[in-house]
Amino acid sequence: MAEDVLCPFCGCLCDDIKVEVENDQIVGVKRACKLGSSKIRGHERTKAPMVRKDEELVETSYEEAYDRAAKILKDAKRPLLYGWCSTVCETHKKGILLAEEVGGVIDSTATVCHGPSIIGIEEKGLAGSTLGQIKNRADLIVFWGANPAEAHPRHTLRYSSNSTGMFTPDGRKGRKVIVVDVRETRTAKNADKFLLIKPGTDYEVISALRMIVAGKGEIVPEKVAGVAKSDLEEAAEMMKAARFGAILFGLGMTHSRGRYKNVDNALSLVADLNGFTKFVVMAMRGHYNVAGFGQVCAWETGFPMSVDFSRGAPYFNPGETAACDLLAKREADAMMVVAADPVSNFPRATVEGMAEIPVIQIDPFPNPTTLLADVVIPSAVCGVEAEGTAYRMDGLSLRMKKVVDSPYPTDEAIIQNILDRVRRLGDDN
Amino acid sequence: MIIKGGFVCDPKNGILGEEMDICIECGKIVEKSVGGDVIDARGMLVLPGGVDAHAHIAGAKVNSGRIMRPEDGRRGIEPRTKLLRPSTGYTVPNCYAMGYRYARLGYTTAFEAATPILESRHTHEELEEIPIVDKGALTLFGNNWEVLECVRDGDLEKLAAFVAWGLRASRGYGVKVVNPGGGEAWGFGGNVKGIDDPVPNFGVTPREIIRYLMRANEILGLPHSVHLHTNNLGKPGNYETTLETLKAVEDITASRDRQVLHVTHMQFSAYGGTGWRDFESKAPEIAEYFNHHDQFTMDMGQLIFGSATTMTADAPLEYGNARLLHAKWSNHDIELEESSGVVPLVYGRKMPINAIQWAIGLELALLTKNPWQVIMTTDHPNGGPFVNYPEVVTLLMSRVKREEELKSLHELASKRSSLPSIEREMDWNDIAIVTRAAPARILGLSEKGHLGVGADGDVTIFDINPADVDPSKDHRKVKEALAKARYTIKAGEVVVRDGDITAVPQGRTYWVDASVPEDQAEKVRADLVEKFAKYYSIQMSNYMVQDAYVTHPRVVKAGVI
Numbered sequence: 001m002a003e004d005v006l007c008p009f010c011g012c013l014c015d016d017i018k019v020e021v022e023n024d025q026i027v028g029v030k031r032a033c034k035l036g037s038s039k040i041r042g043h044e045r046t047k048a049p050m051v052r053k054d055e056e057l058v059e060t061s062y063e064e065a066y067d068r069a070a071k072i073l074k075d076a077k078r079p080l081l082y083g084w085c086s087t088v089c090e091t092h093k094k095g096i097l098l099a100e101e102v103g104g105v106i107d108s109t110a111t112v113c114h115g116p117s118i119i120g121i122e123e124k125g126l127a128g129s130t131l132g133q134i135k136n137r138a139d140l141i142v143f144w145g146a147n148p149a150e151a152h153p154r155h156t157l158r159y160s161s162n163s164t165g166m167f168t169p170d171g172r173k174g175r176k177v178i179v180v181d182v183r184e185t186r187t188a189k190n191a192d193k194f195l196l197i198k199p200g201t202d203y204e205v206i207s208a209l210r211m212i213v214a215g216k217g218e219i220v221p222e223k224v225a226g227v228a229k230s231d232l233e234e235a236a237e238m239m240k241a242a243r244f245g246a247i248l249f250g251l252g253m254t255h256s257r258g259r260y261k262n263v264d265n266a267l268s269l270v271a272d273l274n275g276f277t278k279f280v281v282m283a284m285r286g287h288y289n290v291a292g293f294g295q296v297c298a299w300e301t302g303f304p305m306s307v308d309f310s311r312g313a314p315y316f317n318p319g320e321t322a323a324c325d326l327l328a329k330r331e332a333d334a335m336m337v338v339a340a341d342p343v344s345n346f347p348r349a350t351v352e353g354m355a356e357i358p359v360i361q362i363d364p365f366p367n368p369t370t371l372l373a374d375v376v377i378p379s380a381v382c383g384v385e386a387e388g389t390a391y392r393m394d395g396l397s398l399r400m401k402k403v404v405d406s407p408y409p410t411d412e413a414i415i416q417n418i419l420d421r422v423r424r425l426g427d428d429n
Numbered sequence: 001m002i003i004k005g006g007f008v009c010d011p012k013n014g015i016l017g018e019e020m021d022i023c024i025e026c027g028k029i030v031e032k033s034v035g036g037d038v039i040d041a042r043g044m045l046v047l048p049g050g051v052d053a054h055a056h057i058a059g060a061k062v063n064s065g066r067i068m069r070p071e072d073g074r075r076g077i078e079p080r081t082k083l084l085r086p087s088t089g090y091t092v093p094n095c096y097a098m099g100y101r102y103a104r105l106g107y108t109t110a111f112e113a114a115t116p117i118l119e120s121r122h123t124h125e126e127l128e129e130i131p132i133v134d135k136g137a138l139t140l141f142g143n144n145w146e147v148l149e150c151v152r153d154g155d156l157e158k159l160a161a162f163v164a165w166g167l168r169a170s171r172g173y174g175v176k177v178v179n180p181g182g183g184e185a186w187g188f189g190g191n192v193k194g195i196d197d198p199v200p201n202f203g204v205t206p207r208e209i210i211r212y213l214m215r216a217n218e219i220l221g222l223p224h225s226v227h228l229h230t231n232n233l234g235k236p237g238n239y240e241t242t243l244e245t246l247k248a249v250e251d252i253t254a255s256r257d258r259q260v261l262h263v264t265h266m267q268f269s270a271y272g273g274t275g276w277r278d279f280e281s282k283a284p285e286i287a288e289y290f291n292h293h294d295q296f297t298m299d300m301g302q303l304i305f306g307s308a309t310t311m312t313a314d315a316p317l318e319y320g321n322a323r324l325l326h327a328k329w330s331n332h333d334i335e336l337e338e339s340s341g342v343v344p345l346v347y348g349r350k351m352p353i354n355a356i357q358w359a360i361g362l363e364l365a366l367l368t369k370n371p372w373q374v375i376m377t378t379d380h381p382n383g384g385p386f387v388n389y390p391e392v393v394t395l396l397m398s399r400v401k402r403e404e405e406l407k408s409l410h411e412l413a414s415k416r417s418s419l420p421s422i423e424r425e426m427d428w429n430d431i432a433i434v435t436r437a438a439p440a441r442i443l444g445l446s447e448k449g450h451l452g453v454g455a456d457g458d459v460t461i462f463d464i465n466p467a468d469v470d471p472s473k474d475h476r477k478v479k480e481a482l483a484k485a486r487y488t489i490k491a492g493e494v495v496v497r498d499g500d501i502t503a504v505p506q507g508r509t510y511w512v513d514a515s516v517p518e519d520q521a522e523k524v525r526a527d528l529v530e531k532f533a534k535y536y537s538i539q540m541s542n543y544m545v546q547d548a549y550v551t552h553p554r555v556v557k558a559g560v561i
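Same order as they appear, the protein sequences are chains R and H.
Each residue of the first sequence is one higher than the last, beginning at 1 in this note's numbering.
Each residue of the second sequence is one higher than the last, beginning at 1 in this note's numbering.
Treat the hints with care, since some could be wrong.
What the hints assert, rightly or not - Below are the DSSO-like pairs computed for lysine-lysine, each with C-alpha atoms no more than 27 Å apart in a straight line:
no.: 1; chain 1: R; residue 1: K240; chain 2: H; residue 2: K328
no.: 2; chain 1: R; residue 1: K34; chain 2: H; residue 2: K534
no.: 3; chain 1: R; residue 1: K18; chain 2: H; residue 2: K531
no.: 4; chain 1: H; residue 1: K534; chain 2: R; residue 2: K18
Simulated from the structure, these hints should not be mistaken for laboratory data.
With the sequences and hints as input, model every part of the structure.
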């Protein structure tokens, strides 16, 4: 039995999982949610490296796969190295070095996730805390465009609405919960106050709340985005009356109309509320280590995502240097996808861009991106078959454990092998 | 290796500018060289490698600064080379730029000034990526629940055991205390107003926290003293709190041959006035106190005009900064342990407050008679980035330079400070003390900051001939020479030649392993088991920094047994 194992699924990064191991096989997983348990138990794997020959993916050796990957990256003028959300920080470091060496662009899945949140933070800063601070102190939780009941199943019990702590001994009973969403989610059903807003109106609703909080409610119309002013007034009053409030926002805010401006406005609302009481805000990050890529990329390059090394020095300009920009404008002429599945998540025009260029995939599992890949390199599952560092959604770094051995190399080792070959190709030229 | 014929300042060993040879073998200073490189240092200044005892160079708040300030990242960009990774940033450089820039300035050691235990893994991840320099991190204790409870219960022995455990858990080097009690109060948006203002929910005062932590520090015989960021920092009139704090601990004695308390970035704690309108320097009062109390040390926290990124565990201060300046504001509270904040700002020459702050840092260094008591820092990047150290040195060495600068500042810098009347100009030995010997002594790094036999082979050679150059008049030459070391030698390896990086070795990370009696350790463990079960959001077994994060450790032993 392995104790206190970290779960390699969502941004909750639960670290209390028990994994039963017999003969180096996982036979049981305790405490994890369904999503995490399924990943730890494992499912269909890519058995061996593959390269595309005559339109078909055929199995090959790791050596040949590394050679092909290195040649693709070396021959490309504008390679894009993308993904990184479901692997450890040690892989990120190697990936950034590889991007430097090939003069490529590196970007993470944040670009189609909480990238707008990061841009919002660039505008306003982030008044946040660790999750334990919310657990111990928060008497008001606002879930905005976030549905942890489905996406982060243990969040409410471990960290937020239903958790208990030093100043919150009564758990859910001692707290108020507000949910803002475009539909009545399972999370909304657990709320004390639910604001059902029209899709794409987050900015207006936040602005109205800011006006009311600032004592300028008279300029707010009777109905905002389908919500009665009286409901907004009640929500604003609950926020001001809290001893410690927290806004936890999801993709409903960052990927509806307004995007980073929504986040900018929400961060401003939280700053405003701190004039009355204590308030913090946090992005509900999706994959378990998408936050880690932002951290590693920031300390290595100065910027958290969308970094272009074509000039030898980091250049950062999302809108120009993000993965979707490069693919939609057909700039990228090769792509390496590590621990992510852009074909499932990217806009259609960018996936069409991927189909036109050589794609290398490094991942333990087959996924729709595999269908487009020219080189497929299977890897060990981080947090189950390989150890390393991950950052929880609140920016807390933890060490993931290795529970069982793996016949597959780690992501880090794979990238090191490709890097070595890229360097050798460079020496030959 | 032998460094021949340089003008050597090694004040710890009583060498005050003598022409002599320095020999290094196997990374250490030795009597006689057995071969290797010969560096002709005739007509050049030879100093021990620089030691920065207080800078914010690694960890969550530094990275928050980078993430919220892409506009800063775009400054100071240098592309990668065959040897070097790319550099970015001015106030919040990337990790590589930190190492390269310190080395170019002749610095070979730098300590991160504040890390919460819970987030120390992150701090070490960044420290590992900073090349060349040796480093370490000071661990935050001043708002930790276990500390507050030990103080409340009057259990000094248990507190000492917890401090030892916290240092081990964080792989930390010393005890940092920031706005004691204020960080806990900030958990509900409050603060403490002075050293006798009780901390909400815990019923202890900052005075008690400081005293207990100092006493625990001395029970453990740690190499460094308590490193204090005072209450009320950054506020007009706070010099009274500062003096009151120092007076409150006058009876505590050091367990080792060093200060009993280091008050950090004193510039921010030496303010008079009842508000911003009558804001004035009280540096002379602080310096006068230090001139009569040699058990205390401080660092300058010198202000540099231009862009800065303020970052501190003093979260209420940062909230105040953001409100005052309408600036971007990041805050980060750490469960059971600390709070923190980050606010970018610009210090202006014509801004009366900034101009007076600039004068205060210099007054502190020049009015305190003993240079071993005041070391040079800019509290990077709070007062300004460390790349400006050559500017600070010239200000300390040249009254002419100070007068030139004062002319470009708001007139209140002259009226509300005593700087215009200060004649003192530091000499090269003073500079060797405030940038090398004293920071090493204050940190308790016996093999740093000097060139005696057995010291680390860390040497800086500046292309300046003290026989020809009068730093008072030729301050431009001094600044130019200090900005680009002719040679920086780290553990016997040339890492900088003519201002260019020539090698990027991995430095070591200092941390302190202090032993305590098993019964006290057991009491702490029992407390912590309960805290992790009820309050922390992670498991106790996942808390401590693993060895994988400190790949080149230099473990310093201390403790009770």
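Hints, one by one, checked against the model:
With a C-alpha separation of about 22 Å, the suggested pair K240 (chain R) and K328 (chain H) falls inside the 27 Å cut-off, and the hint holds. Taken as a hint, the K34 (chain R) and K534 (chain H) pair is honoured in the structure, with Cα atoms around 24 Å apart against an allowance of 27 Å. For the proposed pair K18 (chain R) and K531 (chain H), the alpha carbon gap of about 21 Å is at most 27 Å, so the pair holds. Restraint check: the Cα-Cα separation between K534 (chain H) and K18 (chain R) comes to about 19 Å, which is no more than 27 Å; the hinted pair holds.
Figure legend: structure checked against the earlier numbered hints; every hint is met.
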